[in-house]
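4 protein chains.
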Amino acid sequence: MSSILQGDHIRVSVFGQSHSKAIGAVIDGLPAGFKIDFDKLKTFTQRRAPGNASFSTARKEADEPVILSGLCDGVTCGAPLGMLIENTNTRSGDYDDLRETPRPSHADFAANVKFHGFQDVAGGGHFSGRLTAPLCFAGGICLQMLEARSVRVRAHIYSIADVLDTPYDPVHVQTDDVAAKPFPVLSDKQGEKMRGAIEKARMDCDSVGGVVECAVTGVPAGFGEPMFDGIENRLAKALFGIPAVKGLEFGSGFAGSRLHGSENNDAFLTDGAGHITTATNNHGGILGGITSGMPIVFRVAIKPTASIAKPQQSVHLPTDTQTTLVIKGRHDPCIVPRAVPVVEAVTAITMLDILGG
Amino acid sequence: MSSILQGDHIRVSVFGQSHSKAIGAVIDGLPAGFKIDFDKLKTFTQRRAPGNASFSTARKEADEPVILSGLCDGVTCGAPLGMLIENTNTRSGDYDDLRETPRPSHADFAANVKFHGFQDVAGGGHFSGRLTAPLCFAGGICLQMLEARSVRVRAHIYSIADVLDTPYDPVHVQTDDVAAKPFPVLSDKQGEKMRGAIEKARMDCDSVGGVVECAVTGVPAGFGEPMFDGIENRLAKALFGIPAVKGLEFGSGFAGSRLHGSENNDAFLTDGAGHITTATNNHGGILGGITSGMPIVFRVAIKPTASIAKPQQSVHLPTDTQTTLVIKGRHDPCIVPRAVPVVEAVTAITMLDILGG
Amino acid sequence: MSSILQGDHIRVSVFGQSHSKAIGAVIDGLPAGFKIDFDKLKTFTQRRAPGNASFSTARKEADEPVILSGLCDGVTCGAPLGMLIENTNTRSGDYDDLRETPRPSHADFAANVKFHGFQDVAGGGHFSGRLTAPLCFAGGICLQMLEARSVRVRAHIYSIADVLDTPYDPVHVQTDDVAAKPFPVLSDKQGEKMRGAIEKARMDCDSVGGVVECAVTGVPAGFGEPMFDGIENRLAKALFGIPAVKGLEFGSGFAGSRLHGSENNDAFLTDGAGHITTATNNHGGILGGITSGMPIVFRVAIKPTASIAKPQQSVHLPTDTQTTLVIKGRHDPCIVPRAVPVVEAVTAITMLDILGG
Amino acid sequence: MSSILQGDHIRVSVFGQSHSKAIGAVIDGLPAGFKIDFDKLKTFTQRRAPGNASFSTARKEADEPVILSGLCDGVTCGAPLGMLIENTNTRSGDYDDLRETPRPSHADFAANVKFHGFQDVAGGGHFSGRLTAPLCFAGGICLQMLEARSVRVRAHIYSIADVLDTPYDPVHVQTDDVAAKPFPVLSDKQGEKMRGAIEKARMDCDSVGGVVECAVTGVPAGFGEPMFDGIENRLAKALFGIPAVKGLEFGSGFAGSRLHGSENNDAFLTDGAGHITTATNNHGGILGGITSGMPIVFRVAIKPTASIAKPQQSVHLPTDTQTTLVIKGRHDPCIVPRAVPVVEAVTAITMLDILGG
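So the sequences go chain by chain: B, X, Z and E.
So that you can map any letter, position 314 of the first sequence is 313 in numbering that gives the first Met the number 0, and since no number is skipped, the others follow by simple counting.
So that you can map any letter, position 267 of the second sequence is 266 in numbering that gives the first Met the number 0, and since no number is skipped, the others follow by simple counting.
So that you can map any letter, position 348 of the third sequence is 347 in numbering that gives the first Met the number 0, and since no number is skipped, the others follow by simple counting.
So that you can map any letter, position 197 of the fourth sequence is 196 in numbering that gives the first Met the number 0, and since no number is skipped, the others follow by simple counting.
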């Protein structure tokens, strides 16, 4: 197992299961001397907290992080920052049969094979989306450190089901006020339609997926390494660590693969004062694995929540027979809104590392 | 710089520039005692070699690999396998002005900033697609080692421009005879249309992109690690190391993000003899980062070749002025067909590592 | 900073400062399905606990570890095991001037430069020997897992000041009952002399150093990698992470460098039943970085405790003037006895990783 | 296998066997824009070359390195530097029986188990001391890059058998003219005695070991990480990769473990102009894993050459019987003099990496 987001300078070791005593993280390598703005950090982490809105799970979590080490008077001291969030709803009986009957499109079955039946199944165990809370905590700190260097990471809901938000202008990313919204979209009108789609899925005992678009602005040209340590490789390795992520594209991505070179290529421009930009940004800010100085833009595909209330076909493993599974408990009909800050967090950790910690 | 494909057991260190004395690789960690089938290896590596077909660059390369170490009588001996391919066309004058005027959507500009103008620009230097030759050599060996364990890695052209091949059936992947074809598609009829699209791009002094679909069959359930060392993370980190790759999706991927959970979830089935499969394979063989035992299926988006003969806007860096660039030399109007074995190679290296080397 | 003991399978991320809210560790990669014997674990970790004997610091620590995750009913579940130990004596005023006047041969000065004066100085901060408590907890679990595979790790005090214990017979290591002793030596008579030397140092407001000898038995031949990933490299990287370790030698080590080859070489023997051993074990169980099947034997040099009550010369950094420093608080006159289980622990973590986790 | 010296920025992947077509290395991560002084590099690498003196093996090697990539006009271009040295004496029949009868204290037996009998035994295969030639090449470049930053790495023979050279003054290291000597000692008189000891061992068909002392000057305070990524950990992991190294100590090392704290502690001094030093340097320039600004001083124990002409006991593996082995070929009676530049090289690679590449 490696639940360590392993950078060259910053390493985040995540621990916990959905119903263990606590979840948390150790953040190793944060630069010393940074004063954390805890109000800002709380505002950030609450963007992923459940129970804020009707599109989230009904499970209420206090999610109050406790910092164990790494700070002196609120300032990073160079030692690893250890933190935990206590689990208050532990060991519920809701999940007892998951070891025997794996939920479709969950990690249950694969984990059962890998861990020889010893995995913690309660609430999804270590595979629970709840494990993104410490990631958000770590990422929220990294975001502040990036902002002190004029680097900003912002994401929005690009689509839910087949409803599309206004995409970012990849040349002049319009990130300003999206993060503050309870439902982070550029077009509130499209946001309304998305919420409708989510609500309909909930009524149908079903779920929907979507896409998160993220932009990083302010990164100078020349960061990243060729071949296997480029910006894309590094972000990809981190972003696929977010539960339910099944796709990732940079710049024009899959759509770009359908274009001609003359359409997809980005002409270089100069302002005559030595500042080189590109007229378009189909390359998503990365050329040959290295930053070009343009905004880094990518999209992350998130599958529909696997836990749905509709009856589903599965196998009762002890008797090796087909069975119909009805998942108990209440689940998000759509995790995409809550995934937005998680994408920002994981991106921020990775980018701070790439910029040297 | 890290041009090392870094596995837990197998590490491939790639070196060379397009016009340096040689390119090559050191493959560290291959298991000892494996007899390499060199005829088969040659057949495999020639699938990416240029000059084989009208859709490839006219540059003829001998591409005869020389093995420097790591074998005794054609059998791996446990020591790192060093190999090189000599560059016969070195230091051509074709590229002399690339340091001054970066090609749109190439690594030239980003590398110029990163390496302070000292990068080797001839033929794209270390960023040249030619560097995929040693990767194919390394991957070709790994493919043989995987096949000895009944694991097969096969890819085909999924699309070029807007022409689609028949996709893989992700439950029963139809990989048998595609690799042997000069133009690796399932539907030869669609292949004809793709070749037409490529030929048209060539005539237009333009280029086209496409998508490669890859499947890995025969991997048992239970491999891979949660969170940041899952199969998706590992393959992603490797695959984005292939030049021109800008997107990656597993299973139903981006299309899956538009579905409902009830559509995207894969029901578990048993054959009554303890063999668990899924009725569909939208999860692409990976659940929670861990293999499910179903085929691993993913698609890689490849941008249109950046080098096109059409005049393009760029900046003459020494004078900081706009200029019109006309790229000399002959270039592939479409690298997608040649990318097919490269995707197979990089996947094979990664999968062999995941399976324990 | 990297306070992560980074194995291929097992990674221990250590956090905490001497006076932070808690210290602890995340142990990532433990195999699932192992039932931990907590009584045995407690017995082990108490061997390093202070306050047990007159040769230890007078600071009493409860050192009750709290397990946060990674277990189900006392059995490892495959998820990272998070644990913490609360610090009860936090933020004492004893250390307030250490930021201004670094203690000789402590990390104070180097940390002050590295962390720009933001390091936590209280009690030595992250550099405190107290951070070895979570390492012992992690190592105690690994020891149990190794014992289940018939691999044993045992250490004893090889010397304190110039008093030598009976060394291990490196061919037939006599480890049986040393660990159970309050003062872990083979020769209790020499142990008495060592305690005398420690007591004398205490009376003199001084300290003494020593050497710990460790043996690993039961490891089959053939583990470890050539060159930079050999057993020696791996153990060395880990063992120099223990505070105060300044030297390490395997087998005959430095003494062996004074011998002739004919004296230092270890003849191979067979029992006629395919079991190959060596007549002597000057190679310390490792040849070419790889285990030979003989006991792995090494010695670790531990410097005398840097904190002594005697007045010492230092520099008052704010005024850049010489000053005489008198270190307050009570400190171990000799940490070697407590280092014995720490050496065992770090060795166990590393060996379990080398054996495949 | 991992024959990769793995830094954060610089990675040296070593390949080759004693009798393979070539040996060599790929040096990944060298900063771009550095003009290599090839004369100086040649002078450095020739210090380890055999055949220069009567204390070396009689095997003459051309050892002419061929650079394959990574340079433009002799200047590093940022791409990995690939190099090889051809083996001219390949596949001699001298070593044919080593697979069957392992040489005492060589890697033969351990490698035979690890690689299931498929290892290359000729000339020691991948375990041959010859593999240090590409390390010296890589280290020689790093030495030049360090010198450009006023960091110097120098080593001398500290002892051979029981003959001691004048040790370094660890506060004011006297490194100036040792490297230029054919026999690198501070005291030529002691050097004569060492040569006598070597010559006597040769006459006796035996060998002798020794100790190399190394000093790094010019490294500012504040480099290195606490716990497992400190300077000692990093150097240890690298230095134990040199064949025959069995011990390592920093500063006062093992001798320091016999001292009192009041003797071993290093008082801090100021020159009144903000320049902090220590009166003595028992800490060897490293406190808490971090540089103190004082010279980094350490000693490396090298075992006597395992290959001796005297008959030795071993086991004939195919028949599982005791046998007397007489090693054919000519071997160094002492590798310590040739190990001096190898220690410098490996140290230089590691220190350049620690300083940021």
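Calculated from the structure, these hints are not laboratory results.
Since the structure is predicted, the reported quantities are computational estimates derived from the model, not experimental observations.
Honestly, I wouldn't trust all of these hints.
[Claimed, not checked] From the derived model, a few chain Z residues whose C-beta atoms are all more than 12 Å from chain B: (1) 23; (2) 28; (3) 34; (4) 38; (5) 120; (6) 150; (7) 317; (8) 321; (9) 329.
[As the list claims (entries may be wrong)] Cross-link-like lysine-lysine pairs, in silico, DSS-like; alpha carbons within 30 Å at most: (10) Z:34 - B:41; (11) Z:20 - Z:39; (12) Z:192 - B:20; (13) B:20 - Z:34.
Beta carbons: idealized from backbone N, C-alpha and C, even for Gly.
Right, here's what the structure says about each hint:
1. Chain B draws residue 23 (chain Z) into its interface by the beta-carbon criterion, the shortest separation being 6 Å against a cut-off of 12 Å.
2. Consistency note on residue 28 (chain Z): stated as away from chain B, yet its beta-carbon is not over 12 Å from all of that chain's, at 5 Å minimum.
3. Distance check for residue 34 (chain Z) against chain B: the nearest CB is about 10 Å away, which does not clear 12 Å, and the non-interface claim fails.
4. Every beta carbon of chain B lies more than 12 Å from that of residue 38 (chain Z), the smallest distance being close to 20 Å; the non-interface claim holds.
5. Remark: the non-interface label on residue 120 (chain Z) conflicts with the geometry, its nearest Cβ contact in chain B lying 9 Å away (cut-off 12 Å).
6. In this structure residue 150 (chain Z) is separated from chain B by more than 12 Å, as the shortest Cβ-Cβ distance comes to about 21 Å.
7. Non-interface status of residue 317 (chain Z) relative to chain B is upheld: no Cβ of that chain comes within 12 Å, the nearest being about 17 Å off.
8. Every CB of chain B is more than 12 Å from the CB of residue 321 (chain Z) (nearest about 27 Å), matching its label as outside the interface.
9. For residue 329 (chain Z), the requirement that its beta carbon stay farther than 12 Å from each beta carbon of chain B is met, with the minimum near 24 Å.
10. Only pairs whose Cα atoms come within 30 Å are accepted, and residue 34 (chain Z) paired with residue 41 (chain B) is rejected, the gap being roughly 38 Å.
11. At roughly 27 Å between alpha-carbon atoms, residue 20 (chain Z) and residue 39 (chain Z) fall within 30 Å of each other, so this suggested pair holds.
12. For a cut-off of 30 Å, the pair hint linking residue 192 (chain Z) to residue 20 (chain B) is broken: about 47 Å separates their Cα positions.
13. Proximity of residue 20 (chain B) to residue 34 (chain Z) is assessed by CA-CA distance (about 18 Å); at most 30 Å being required, the pair is judged to hold.
Violated hints, in rising order: 1, 2, 3, 5, 10 and 12; the structure is consistent with all others.
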